[in-house]
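In the numbering used here, the protein residues as written are 250 to 459.
Just so you know, the hints here were simulated from the structure itself, not pulled from any lab data. Quick caveat, the model's predicted, so the values are computed rather than measured. Any given hint could turn out to be false.
Quick list of in silico lysine-lysine cross-link-like pairs, DSSO-like style, CA-CA up to 27 Å [claimed, not checked]:
#1 261 / 289
#2 421 / 261
#3 289 / 347
#4 307 / 285
#5 261 / 366
#6 289 / 268
#7 268 / 440
#8 440 / 366
#9 421 / 406
#10 362 / 302
#11 340 / 406
#12 346 / 406
#13 440 / 362
#14 285 / 261
#15 261 / 377
#16 340 / 362
#17 420 / 406
#18 420 / 261
#19 289 / 307
#20 289 / 377
#21 377 / 366
#22 377 / 285
#23 406 / 440
#24 261 / 406
#25 406 / 269
#26 289 / 366
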Amino acid sequence: MTLQNRVNPWGKLHQHPSKKAMLMGNRGGRLHNSNKQIIKQWATQSWIHCLTKFGNIKREVFGDSYSELFFLDEATALSAGHRPCGECQRKRYQEFKKIWLNINNAGLSISAKEMDKCIHQDRINAEKRQHTFQANLSELPIATFFEYASEAIVVYKENCYLIWSFDGYQKKIELPQNLIVTVLTPQTFVKMFDHGYVPNFHSSASLKIK
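Input sequences plus hints: build the corresponding full structure.
In structure tokens:
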């Protein structure tokens with residue numbers, strides 16, 4: 250049974266057989282029923298991405314605990330609104346938190362719960378859909394996802410744009426620099442990219458620019 254637990258850059262959950270995910274994560278709890286069917290999009294505002302392996306922990310996917318979700322890479326997870334986990338990715342989380350505090354003028358410290366509340370307002374709009382915004386393509390930093398011709402495209406390098414898929418990045422696409430696009434990555438995360446946070450990409454990205 251293929252579970253509905255693959256997350257795309259729009260933050261939507263899909264049934265897809267791909268095994269290419271670099272990261273897993275969750276949305277604060279259990280989203281599935283006893284038949285392992287998704288019945289809600291999130292449990293709490295704590296949306297995180299995690300390592301697929303951590304210590305000796307072994308889990309039954311879609312068991313009695315939270316619903317395990319899977320992401321192609323960190324750039325995808327961030328576009329979907331998921332921050333690094335503070336347990337299995339402690340160092341990464343601390344780096345993320347430091348930059349987040351800096352760009353939001355939030356002082357020297359903040360609880361994960363308070364930060365998640367702020368991030369949730371940036372990723373979900375009043376209609377409970379992904380919050381997007383318009384921007385000039387030339388102004389978007391590396392790792393930002395945007396929508397073009399119904400595809401999710403990522404800024405991989407300066408003037409280098411790649412088409413995303415569950416199985417990896419498919420090909421490079423040429424686009425005019427003055428294009429106005431719909432940005433999928435939450436605006437706070439885009440600002441973080443501009444201030445030194447560098448998300449990890451799936452290995453397929455580097456293969457598509459050679």
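* Restraint check for residue 268 with residue 440, where alpha carbons must lie at most 27 Å apart -> Given pair residue 268, residue 440 is violated - Cα atoms ~31 Å apart, limit 27 Å.
* To do: For the pair we were handed, residue 346 and residue 406, check the Cα-Cα distance against 27 Å.
  => 24 Å, holds
* To do: Would you mind confirming whether the straight-line C-alpha gap from residue 377 to residue 285 stays at or under 27 Å?
  => Roughly 23 Å between the alpha carbons, so the hint for residue 377 and residue 285 holds.
* Holds or violated: residue 440 to residue 362, with C-alpha atoms at most 27 Å apart -> 21 Å, holds
* **Proposed proximity, residue 366 with residue 440 (alpha carbon, max 27 Å)** => Holds, because 18 Å separates the two Cα atoms, which is no more than 27 Å.
* Restraint check for residue 340 with residue 362, where alpha carbons must lie at most 27 Å apart -> 18 Å, holds
* Taken at face value, is the distance from the CA of residue 377 to the CA of residue 261 at most 27 Å? -> Holds, at about 12 Å.
* Asked: Between residue 420 and residue 261, is the straight-line Cα distance small enough, at 27 Å or below?
  -> 22 Å, holds
* Asked: Is residue 289 close enough to residue 347, meaning Cα to Cα at most 27 Å?
  -> Not satisfied, since the Cα-Cα distance of roughly 31 Å exceeds 27 Å.
* Asked: Taken at face value, is the distance from the CA of residue 406 to the CA of residue 420 at most 27 Å?
  -> 13 Å, holds
* To do: Given the hint that residue 421 pairs with residue 406, test it: the Cα-Cα distance must not exceed 27 Å.
  => Given pair residue 421, residue 406 holds - Cα atoms ~11 Å apart, limit 27 Å.
* Within 27 Å, alpha carbon to alpha carbon, are residue 261 and residue 406? -> 25 Å, holds
In summary, the structure is inconsistent with hints 3 and 7 from the numbered list given earlier, while agreeing with the others.
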